[in-house]
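Participant: Full structure from sequences and hints, please.
Line by line, the protein sequences give chains A and B.
For the first sequence, this note's numbering begins at 23 and goes up steadily by one.
For the second sequence, this note's numbering begins at 23 and goes up steadily by one.
Since the hints were made in silico from the structure, they are not lab data.
Note that beta-carbon positions come from the ideal geometry of N, C-alpha and C, so glycine has one too.
The reader is advised that the hints may include incorrect statements.
As the list claims (entries may be wrong) - Here are the simulated SDA-like cross-link-like pairs (lysine to any residue), alpha carbons at most 20 Å apart as the crow flies:
| # | chain 1 | residue 1 | chain 2 | residue 2 |
| --- | --- | --- | --- | --- |
| 1 | B | LYS163 | A | GLU43 |
| 2 | B | LYS146 | A | ILE41 |
| 3 | A | LYS146 | B | ILE41 |
| 4 | A | LYS171 | B | ARG152 |
| 5 | B | LYS171 | A | ARG156 |
| 6 | B | LYS71 | B | GLU83 |
Said to hold, decoys possible - Beyond 12 Å from chain B on every Cβ pair, some chain A residues (computed):
| # | residue |
| --- | --- |
| 7 | GLY66 |
| 8 | PRO67 |
| 9 | ASP68 |
| 10 | ALA105 |
| 11 | GLU111 |
| 12 | GLY114 |
| 13 | ARG120 |
| 14 | ASP123 |
| 15 | ASP124 |
| 16 | ARG125 |
| 17 | ARG126 |
| 18 | SER127 |
| 19 | TYR128 |
| 20 | THR133 |
| 21 | PRO134 |
| 22 | VAL138 |
Protein chains: 2
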Amino acid sequence: MTIVDTAPATDRPDVELGILEEFLGFYLRLAYESAFDDFSRELGPDSLKPGNFALLSIIFENPGITQTVLARASGRDKSSVTAGLRQLEDKGLIERTRLEDDRRSYASRATPEGCVVYERIAAKARNHMRRLDRIVGAKRKALLMSTLKDIVDGLAEDGETPAGRP
Amino acid sequence: MTIVDTAPATDRPDVELGILEEFLGFYLRLAYESAFDDFSRELGPDSLKPGNFALLSIIFENPGITQTVLARASGRDKSSVTAGLRQLEDKGLIERTRLEDDRRSYASRATPEGCVVYERIAAKARNHMRRLDRIVGAKRKALLMSTLKDIVDGLAEDGETPAGRP
DNA sequence: TATTGTTATACTCTATAACTATA
DNA sequence: TATAGTTATAGAGTATAACAATA
Chain A
23 MTIVDTAPAT DRPDVELGIL EEFLGFYLRL AYESAFDDFS RELGPDSLKP GNFALLSIIF
83 ENPGITQTVL ARASGRDKSS VTAGLRQLED KGLIERTRLE DDRRSYASRA TPEGCVVYER
143 IAAKARNHMR RLDRIVGAKR KALLMSTLKD IVDGLAEDGE TPAGRP
Chain B
23 MTIVDTAPAT DRPDVELGIL EEFLGFYLRL AYESAFDDFS RELGPDSLKP GNFALLSIIF
83 ENPGITQTVL ARASGRDKSS VTAGLRQLED KGLIERTRLE DDRRSYASRA TPEGCVVYER
143 IAAKARNHMR RLDRIVGAKR KALLMSTLKD IVDGLAEDGE TPAGRP
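Facilitator: What follows is the structure, given as structure tokens:
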């Protein structure tokens, strides 16, 4: 991303934003991109992409997780997860084993190297988070997180409702 | 987008998210996508894309705006703006005229039809916003907006700082 | 029949770099 | 030399649909 000749739309009183001014999605997009870029810079060019870091993080925390569950947890389609896992596997960070009791499924686990890499990246993630915390502050952050979660749940399509929920 | 077999990651106590749990960017992404999808659904398949709606909105509010300024205001590169404007022009919603005093620049304006279409879409945008307001509430929304703006400004790269600012 | 994961494919959104025409 | 806008191109990130293996 890394735009060079644009500016935060946030700070241009000379341009009238109209309805956009109170359009949450617009600022959600800008904030998401800012956070994404900042984290990408922190990770560096040869590291994991943020999306794959999310996968590795969930696998690390849930050894043996299957891909369908992983897709749900990460908010991605299973086909996208397949692609991400391949990349993690190619780097030797995870390994997959077939489940004996259901041979359609694969259990994903972080390899020893994957754990090391994960910890290293998690440290960078914490740098990124500290930067955000300094901007947002603890109180606002908690409120922000819960508000974002409410938006995700509140706007969910019917089809997006998980199987096990009313 | 419109994922069918995933669920809000927000509501899965059975999956441990680890560091992701407090990772703002992760929820920023989910919330952004939810809002984007909701607005896209509201607009319908043959209407404008959210990104082009943002352009039209800014043009509508700032008749005669040039593309470089538009790029800054919308947070996009000028090449992306060029593509978006072409689509709006092809639909007859905007028109561009060369500036007499600087013949490198073009002034963009909404056509009469563009104004009509804009108002129609703006009404849909308000439906979308009402839905969000119902979820978030007025108080939290104000706080959310200002927090998002602070994130955008606070994380801005040096290169992203607008020319006219310290 | 239904589900897990894979594949092939395509789409959206966006930026970079090189270019032109003006300044 | 510098700037406004265009073009060609590429890349990230993602989904859909059809499919094979398994349940």
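Participant: Could you run down the list of hints and mark each one as holding or not?
Facilitator: Cross-check of the supplied hints:
1. B/LYS163 with A/GLU43: The given pair, whose Cα atoms are some 12 Å apart, holds under the 20 Å limit.
2. B/LYS146 with A/ILE41: holds (11 Å)
3. A/LYS146 with B/ILE41: holds (11 Å)
4. A/LYS171 with B/ARG152: Status holds; Cα separation ~18 Å.
5. B/LYS171 with A/ARG156: Holds, at roughly 14 Å.
6. B/LYS71 with B/GLU83: The hint holds at about 18 Å.
7. GLY66: holds (15 Å)
8. PRO67: Nearest chain B Cβ is 15 Å from A/PRO67, so the label holds.
9. ASP68: Per Cβ check, A/ASP68 is outside 12 Å of chain B; nearest 20 Å; holds.
10. ALA105: Holds, because the least Cβ-Cβ distance between A/ALA105 and chain B comes to about 15 Å, which exceeds 12 Å.
11. GLU111: A/GLU111 is indeed farther than 12 Å from all Cβ atoms of chain B, at 20 Å.
12. GLY114: holds (21 Å)
13. ARG120: About 21 Å separates A/ARG120 from the closest Cβ of chain B, which puts it past 12 Å; holds.
14. ASP123: holds (18 Å)
15. ASP124: holds (17 Å)
16. ARG125: Nearest chain B Cβ is 20 Å from A/ARG125, so the label holds.
17. ARG126: holds (15 Å)
18. SER127: Answer for A/SER127: holds, closest chain B Cβ roughly 15 Å.
19. TYR128: holds (16 Å)
20. THR133: holds (17 Å)
21. PRO134: A/PRO134 clear of chain B: closest Cβ-Cβ about 18 Å, beyond 12 Å.
22. VAL138: Label holds. Min Cβ-Cβ 15 Å, cutoff 12 Å.
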